[in-house]
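Trainee: Each chain, letter by letter, is given below.
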Amino acid sequence: MTLPYPKKKDPQKRTVVPTLPPAMRSRAALGLSVAAAEGRFALQHCGECGAVQYPPRDACHACLSHDLSWKDTKPYGKLLAETRIHASPDPYFRERLPWRMGSVQLKAGPVVLAHLVGVGRGDRVRVDLRLDRAGQGVMVALPEHRSDDMEDDPVLRAMGTHPKHRRVLISDATHPVTRPLIDALFAAGAAHVFAGVPEMWRRPHGLSALDGLENVSLLPLDVTDPQSLKEAASEIGGKVDILINTARHIRPGGVLGHDTTAARDEMEVNALGLMRLAQAFGPGMAGRTADGVNSAAAFVTILSAHALSPDPAYGAFNASQAAARSVAQTLRAEFAPSGLRMACVYTGPTEDEWHQPLPPPKVAPKALARAVVDGLQQGLEDIFCGDVARDLADRWRSDPGLLEREITGGGA
Amino acid sequence: MSGAPYDGIVLTCPVTVPYVRYSNETAHWWIARGLRGTLDAAGLKPGQIDGLSVSSFTLFPDTPVGLAQHLGLSLRYLDTIPMGGASGVVAARRAARAVQAGDADIVACVAGDANRIDSFRQLLSAFSRFSLDAAYPYGYGGPNATFALIMDAYMAEYGARREDFGRIAVAQRANALRNPHALMKKPLSLDDYLNARMISDPVALFDCVMPCAGVEAFLVMREDEALRRNLPFARIRGSIERHNAYAGDPVQLRGGWAVDIDTLYAQAGCGPQDMDLLQTYDDYPVISMMQIEDLGFCEKGGGAEFVRTHDLTIGGDFPHNTSGGQLSTGQAGAAGGYLGMVEAIRQVTGQAGPTQVADARLAMVSGFGMVNYDRGVCSGVAILEGAA
Amino acid sequence: MSVLDRLTGALAGGDVRVVDLTHRLDPDFPVIVLPPEFAQCARFRMEEVSAYDHRGPAWKWHNLTLNEHTGTHFDAPIHWVSGRDWPGGAVDEIPAEHLIGPVCVIDCSAGTAQDDDFELTPEIIAAWEAEHGPIPAGAWVLMRTDWSQRTGAEYLNMAEDGPHSPGPTPDAIRLLLERDIRGFGTECVGTDAGQGAHYDPPYPAHFLLHGAGKYGLQCLCNLDLLPPTGAVLIAPPLKIRGGTGSPLRVLALVPGGSQ
Numbered sequence: 001m002t003l004p005y006p007k008k009k010d011p012q013k014r015t016v017v018p019t020l021p022p023a024m025r026s027r028a029a030l031g032l033s034v035a036a037a038e039g040r041f042a043l044q045h046c047g048e049c050g051a052v053q054y055p056p057r058d059a060c061h062a063c064l065s066h067d068l069s070w071k072d073t074k075p076y077g078k079l080l081a082e083t084r085i086h087a088s089p090d091p092y093f094r095e096r097l098p099w100r101m102g103s104v105q106l107k108a109g110p111v112v113l114a115h116l117v118g119v120g121r122g123d124r125v126r127v128d129l130r131l132d133r134a135g136q137g138v139m140v141a142l143p144e145h146r147s148d149d150m151e152d153d154p155v156l157r158a159m160g161t162h163p164k165h166r167r168v169l170i171s172d173a174t175h176p177v178t179r180p181l182i183d184a185l186f187a188a189g190a191a192h193v194f195a196g197v198p199e200m201w202r203r204p205h206g207l208s209a210l211d212g213l214e215n216v217s218l219l220p221l222d223v224t225d226p227q228s229l230k231e232a233a234s235e236i237g238g239k240v241d242i243l244i245n246t247a248r249h250i251r252p253g254g255v256l257g258h259d260t261t262a263a264r265d266e267m268e269v270n271a272l273g274l275m276r277l278a279q280a281f282g283p284g285m286a287g288r289t290a291d292g293v294n295s296a297a298a299f300v301t302i303l304s305a306h307a308l309s310p311d312p313a314y315g316a317f318n319a320s321q322a323a324a325r326s327v328a329q330t331l332r333a334e335f336a337p338s339g340l341r342m343a344c345v346y347t348g349p350t351e352d353e354w355h356q357p358l359p360p361p362k363v364a365p366k367a368l369a370r371a372v373v374d375g376l377q378q379g380l381e382d383i384f385c386g387d388v389a390r391d392l393a394d395r396w397r398s399d400p401g402l403l404e405r406e407i408t409g410g411g412a
Numbered sequence: 001m002s003g004a005p006y007d008g009i010v011l012t013c014p015v016t017v018p019y020v021r022y023s024n025e026t027a028h029w030w031i032a033r034g035l036r037g038t039l040d041a042a043g044l045k046p047g048q049i050d051g052l053s054v055s056s057f058t059l060f061p062d063t064p065v066g067l068a069q070h071l072g073l074s075l076r077y078l079d080t081i082p083m084g085g086a087s088g089v090v091a092a093r094r095a096a097r098a099v100q101a102g103d104a105d106i107v108a109c110v111a112g113d114a115n116r117i118d119s120f121r122q123l124l125s126a127f128s129r130f131s132l133d134a135a136y137p138y139g140y141g142g143p144n145a146t147f148a149l150i151m152d153a154y155m156a157e158y159g160a161r162r163e164d165f166g167r168i169a170v171a172q173r174a175n176a177l178r179n180p181h182a183l184m185k186k187p188l189s190l191d192d193y194l195n196a197r198m199i200s201d202p203v204a205l206f207d208c209v210m211p212c213a214g215v216e217a218f219l220v221m222r223e224d225e226a227l228r229r230n231l232p233f234a235r236i237r238g239s240i241e242r243h244n245a246y247a248g249d250p251v252q253l254r255g256g257w258a259v260d261i262d263t264l265y266a267q268a269g270c271g272p273q274d275m276d277l278l279q280t281y282d283d284y285p286v287i288s289m290m291q292i293e294d295l296g297f298c299e300k301g302g303g304a305e306f307v308r309t310h311d312l313t314i315g316g317d318f319p320h321n322t323s324g325g326q327l328s329t330g331q332a333g334a335a336g337g338y339l340g341m342v343e344a345i346r347q348v349t350g351q352a353g354p355t356q357v358a359d360a361r362l363a364m365v366s367g368f369g370m371v372n373y374d375r376g377v378c379s380g381v382a383i384l385e386g387a388a
Numbered sequence: 001m002s003v004l005d006r007l008t009g010a011l012a013g014g015d016v017r018v019v020d021l022t023h024r025l026d027p028d029f030p031v032i033v034l035p036p037e038f039a040q041c042a043r044f045r046m047e048e049v050s051a052y053d054h055r056g057p058a059w060k061w062h063n064l065t066l067n068e069h070t071g072t073h074f075d076a077p078i079h080w081v082s083g084r085d086w087p088g089g090a091v092d093e094i095p096a097e098h099l100i101g102p103v104c105v106i107d108c109s110a111g112t113a114q115d116d117d118f119e120l121t122p123e124i125i126a127a128w129e130a131e132h133g134p135i136p137a138g139a140w141v142l143m144r145t146d147w148s149q150r151t152g153a154e155y156l157n158m159a160e161d162g163p164h165s166p167g168p169t170p171d172a173i174r175l176l177l178e179r180d181i182r183g184f185g186t187e188c189v190g191t192d193a194g195q196g197a198h199y200d201p202p203y204p205a206h207f208l209l210h211g212a213g214k215y216g217l218q219c220l221c222n223l224d225l226l227p228p229t230g231a232v233l234i235a236p237p238l239k240i241r242g243g244t245g246s247p248l249r250v251l252a253l254v255p256g257g258s259q
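Chains as they are written, first to last, in UniProt numbering: chain A, 1 to 412; chain B, 1 to 388; chain C, 1 to 259.
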């Protein structure tokens with residue numbers, strides 16, 4: 001199946017009001033959402049007897065131990081039974097009937113109920129854990145071998161943030177990621193890219209990489225300037241299906257030796273800029289999350305992995321990153337009722353002038369672009385790009401206090 | 001090991017308050033009506049009972065404690081059986097033990113629920129944690145989808161066809177047409193069943209029950225009390241309950257009945273061939289078929305052949321769900337779990353009126369309740385015998 | 001009638017006109033761009049505090065962010081290292097009477113049209129004086145280039161070797177200092193030429209003027225509406241404690257049409 005490009009909207013029809021699938025979950029079940037946000041397939045494992053269980057519980061169903069943890073698990077299984085639901089009292093599913101679901105016997109042990117894409121009873125399946133439109137982790141049973149257009153399936157399309165046929169705004173075209181990002185978006189089927197240019201009056205460096213690109217429009221946009229955001233949003237706000245915030249102000253320096261002018265600029269661009277961008281474009285996007293094939297789907301912001309725990313050499317910058325992460329987390333909650341996904345892409349040091357004296361590994365713009373677009377294709381919410389970011393996130397998850405001491409020089 | 005006999009304890013005064021598709025009245029209102037009905041049948045005043053067993057999904061924010069005060073009852077035995085379709089059997093066997101032990105003299109067992117517009121959707125939305133976490137997010141088909149998967153797997157495993165399930169539904173509708181209180185008034189043919197719109201493949205419209213408001217009630221007392229009051233009554237020959245049976249089965253193709261069925265027959269001193277009628281919990285025909293197998297009326301997987309070769313109507317060789325069952329009378333919430341019990345008491349006491357099975361003496365009542373995640377968790381069975 | 005009565009009468013009657021030499025402050029008005037490792041001049045930013053809405057039902061107002069040297073602005077002596085110790089060299093210390101004075105306008109627009117790096121030289125000043133008389137002590141001297149008609153990138157005129165825009169040579173400034181002027185103003189983003197870093201001393205207008213306690217005005221416009229002599233400049237910066245400069249509204253009183 002191939003998803004056709006959507007026809008132009010009938011301007012006399014009311015835009016469909018977004019509805020959400022059931023969002024309520026127990027505390028234990030939120031573990032699914034945490035894993036799905038990162039694209040991992042994880043289930044609850046008992047630390048004492050090793051039992052793997054589902055649905056999530058507060059104690060082991062085999063030995064009553066409360067030593068339970070979420071561990072990556074092999075996602076393979078067999079479809080036991082299937083149904084096509086033709087009637088549902090839930091407004092979200094009612095709008096999308098019929099809806100296919102079934103039960104899968106996982107090789108790991110448990111039986112899981114799952115959305116079905118391209119599989120039938122008796123098939124061997126691979127189960128993805130993905131975020132649905134409510135932002136909760138759900139099981140999706142797919143064939144073991146995937147085809148390219150599988151993401152066009154209405155079930156995945158409804159829950160995902162795939163760039164295909166969507167129009168994307170990149171907030172700051174002067175970021176070195178812009179060109180590879182545009183290439184990756186078009187390779188994924190994006191329809192158009194708008195690229196914001198801060199201080200367009202001074203023709204900033206970096207724009208020449210975009211010369212002559214088709215389906216790319218540059219427009220003045222500066223996340224520190226409310227007026228420019230207002231103008232840009234009034235011009236293209238109704239056409240932005242995916243927003244990727246690349247605006248970044250970065251200067252090396254800690255806190256004591258750093259001047260607050262640069263720190264303020266960092267806060268203005270990185271934290272408050274994200275806030276202004278969301279204020280300008282967020283409500284419009286949130287109102288269009290059910291607007292057909294090219295509905296609004298995701299708001300992405302790129303963060304330093306050191307938003308989790310600062311590198312003192314970039315202390316002021318990382319303070320702004322921590323603030324931006326906090327802003328993004330609030331936005332995630334605020335976008336949740338609309339189903340608009342708030343995705344954070346955490347990157348290690350990037351290959352650019354501001355990290356020039358740093359030794360490798362550094363994240364090349366192309367790799368960062370790949371991570372952003374892969375994340376959109378899989379509908380992720382927390383994306384860790386590069387070895388540094390992944391390593392940092394792992395250590396942060398296991399012990400934030402230890403990580404801080406390691407970074408600040410205590411580690412041998 | 002079988003439990004002690006329920007000697008000296010009886011079930012009496014079965015009452016059904018006619019169901020209503022939608023009602024603005026509360027569960028409290030419905031339960032009060034059921035309670036009043038069963039007390040009236042016994043010639044009792046509310047102050048004369050000292051035990052109450054309640055099953056209801058829609059009392060919120062009250063529990064049966066609040067209900068007792070609401071209804072002005074002073075009790076020394078107060079129970080709540082939140083087991084949905086297994087509530088009737090479980091309420092009866094527990095109340096019987098309480099009376100037998102002298103913890104109560106007369107226990108009123110009552111199950112009822114309100115059904116306002118949209119209340120079924122709201123009931124589903126807070127039904128259980130596993131359902132919330134792991135079932136509803138997948139299409140929100142509710143129990144229809146859950147049983148569609150069970151039916152799909154059952155059909156694939158045992159070769160049952162839709163028309164086999166249709167026979168159960170069609171026979172029940174024929175029974176319901178004799179029950180003036182049944183919500184379904186139109187005859188149902190096998191073609192009607194087979195051509196009905198799909199709800200959740202392979203579950204079609206006539207596989208589903210219609211949610212409604214209503215209440216069912218009966219009394220549990222000592223036999224001497226019933227005799228003194230000249231009340232027709234039924235004895236409990238045996239009963240079992242089982243919860244979360246066969247948890248390792250990947251799909252529910254058998255229920256908890258099968259675990260303890262031999263114990264039940266040993267306690268009752270009889271076998272399936274002795275039953276004059278069977279009341280199964282029929283939220284979906286596939287579950288009734290499963291009960292026919294697991295209760296020993298045929299071998300596992302033989303349910304389809306059994307219904308092909310038996311007449312399930314009131315006058316048939318295997319009277320089943322004689323009031324029409326939930327499929328044809330409606331599902332009044334937890335009262336659906338009492339429907340078979342109340343009808344069975346009526347049957348074995350000769351009070352069933354237009355749905356009466358001739359010479360009914362022994363009845364089996366089977367319950368099945370609480371669809372959680374992918375299956376029903378509670379099950380219970382009782383064998384009743386008329387006193388005559 | 002007093003002088004002021006006559007002045008207000010002339011203003012009302014059109015014999016004295018008011019010319020506004022100020023650019024509009026807006027977020028896109030160019031500011032000086034330094035190499036990125038230096039702290040930068042804040043761009044003009046305006047955020048709504050309320051607009052007759054839930055944040056303030058009957059009023060609208062904004063918070064502003066800007067540098068002392070954003071937009072049309074005034075440079076005080078302490079702006080430059082050479083003027084750091086000048087007594088009274090901060091904007092709040094400048095006597096009010098210094099803020100109004102006569103103005104001489106040297107028209108360099110023809111040369112600038114040919115050469116982005118056009119220089120104001122002592123020779124040009126001498127020629128101007130030959131025509132209009134000596135520059136009086138206490139006068140503002142403005143270098144007219146019509147540069148203010150440029151916008152955006154053309155205004156900064158950045159190239160790989162830095163900005164290119166007209167300005168005075170060190171000797172021209174020295175000559176103006178001999179005349180004991182009050183200050184020097186231009187239409188460009190600074191009082192110095194875009195390539196002023198390459199003079200000796202670098203940035204001579206800043207270095208020499210402020211070292212001598214003189215003032216600077218930049219990002220002026222409408223200089224083409226001023227006569228070479230005979231106008232009065234009103235240029236009061238905000239009274240910022242220890243301020244090195246200030247955005248301001250620069251006005252000129254010029255003789256009306258009948259004179």
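It is worth saying that the hints were derived from the structure and are not from the lab.
Ideal Cβ positions, reconstructed from N, Cα and C, are used throughout, including at glycine.
Heads up, some of the hints might be wrong.
[Stated by the list, open to error] Straight-line distance between alpha carbons at most 20 Å, and here's what the computed SDA-like set of lysine to any residue pairs gives: (1) A:K230 / C:A110; (2) A:K230 / C:A51; (3) A:K239 / A:Y5; (4) A:K8 / A:G206.
[What the hints assert, rightly or not] Chain B is faced by these chain A residues, among others (derived, beta-carbon under 10 Å): (5) R25; (6) A28; (7) P56; (8) R57.
Trainee: Tell me, in ascending order, the numbers of any earlier hints that this structure violates.
Mentor: Of the numbered hints given earlier, those the structure breaks are 1, 4, listed in rising order.
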